[in-house]
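*Asks:* Spelled out from the first residue to the last, the chains are:
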Amino acid sequence: MSKRRAGLRAILKDVERGPQRSPLYWWLVDHHDEVATAAGGGRIVWGPLLAKFAKLGLTNRDGKPLDSRIASDTWAQVRRDVNERRGRKAGNQGVKRHPSRLPADWRPTPVGTPALDRPERFDRLATPPPPHPSAAATDGNASPAPETADGLVPDEVVREKLAKLRRTLQHEDRWLGGTRRKE
Amino acid sequence: MIVRKLSAPDGAEGAAPTRTAEKIVTRMPVLIIALGRGRVGKTAMLNALIQHYLRLGCDLRIWNADQQNETHSLSRFHPDVAEPPPRAGLVDTKLWLEGNIQDQSRQQYDAALDFAGGDPLIKKLAVEVRLVRALERMGIRPVAMHVVGPEKADLDYLRQVSEEGLFMPEATLIVLNGGLVESSRSVDHAFTEVGNHPVVLNAMKKGAEVVMMPPLACMSRIADLGISFADAACNRFRPAQEPLSFFDQERTAIWLDDELPKFFGGIPAHWMPRLSAKGG
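Quick note, the sequences are listed as chains C and V, same order. The numbering used here applies: residue 2 is where the first sequence begins, and numbers increase by one. The numbering used here applies: residue 512 is where the second sequence begins, and numbers increase by one.
If you are wondering where the hints come from, they were derived from the structure by calculation, not from laboratory data. The structure presented is a predicted model; accordingly, all values stated were derived computationally and were not measured. Treat the hints with caution; some may be incorrect.
[Stated by the list, open to error] Subject to a maximum C-alpha distance of 27 Å in a straight line, what follows is the list of computed BS3-like cross-link-like pairs (lysine-lysine):
# : chain 1 : residue 1 : chain 2 : residue 2
1 : V       : Lys663    : C       : Lys162
2 : V       : Lys773    : C       : Lys165
3 : C       : Lys162    : V       : Lys717
4 : V       : Lys716    : C       : Lys165
5 : C       : Lys165    : V       : Lys717
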């Protein structure tokens, strides 16, 4: 490659990599596959890496030191951008942006900021909650709660519901362990 | 098909025809009304419900009659909230609500209605037009969602509307707001008195369901920011906003991802907004 050609490429790279992205972003783009392979699909613990990033001169967009949150967000953005770019290159529409499984008529919240990171776990919100025992399996038809002749719910049913509620409340207190405070 | 006995009309409706004593219980659009005294978390509860079910693709409209709450008003979180005219009095608000109910009946969507703490409108309408029956005649299932904290006084509103028979629809939900318990206290202990109170037990005898809304430690911080729970969990903030701490983002994620679905799964499905075919 001639010096002239190399110089042109360097200029084009500078044009492509404007100041709107941080040095960390471009470093992660350049090393996307190695980082992704090393992470093995798991979550990356960024804290121990921050000092190494600093040694490499990698900062945020404003030239300030990184923190774990910025590193994590940047990696999420890089993954999405790289996948999209590869999708376009492959001739398809690119990797679909999250929330990929939300229904088409989902209404956005009025925040108005671009989506930065939507972990895949939130796609599970598109799954409806399990049906309550009193609801029939058919679409919305209700199975009425058992009633006595006077139209009231039997005492044993009330007791069962109270016991279930109690278990829910106790579950909330599980962090207190065996020495649950009764203040 | 499931059939259910209905009480015969008592004749107080004048020209109302004598209806059969049986009615097929089918899926009806719901009008979920948050009730209770002030500062018990009615708006927060409704906001969680609305965000949860909108994300599931439900056709849920938001009616905000709470003109006192500006900082944490539902109108701050959702772009298309219906509100009464500015400075509406009781009469104007009743007319506004009546128009909304007629529209809901025609268009068969679900709706959630927020009131200021202790608002007299529901009690007034309950006396004037027997609100439960009036809504049912319009083909709408009223859902009374009483939000209470751990104080006995939080049950006053429920006592008034249930023991006096004012507004006690078949779908009556008592929500113990776990978020009102200090984080260092036992939730179980905090709600012992309220959970076993005769007002609650009588309501349960009449078919009310009691559930506990899971607490979210950073709820008020998110409400102050005026952003959605999903945005808070996913680190999406407006440019000038101080982001939630990393732990708070994780707390919000767990609450959204695990706790809210379990919570709403514990409520009879036909009391909640209808899930779209796409959402399940």
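*Asks:* Hint by hint, note whether the structure agrees.
*Replies:* To see whether the hints hold, each was checked on the structure:
no.	hint	result
1	Lys663(V) / Lys162(C)	holds (20 Å)
2	Lys773(V) / Lys165(C)	holds (13 Å)
3	Lys162(C) / Lys717(V)	holds (13 Å)
4	Lys716(V) / Lys165(C)	holds (16 Å)
5	Lys165(C) / Lys717(V)	holds (18 Å)
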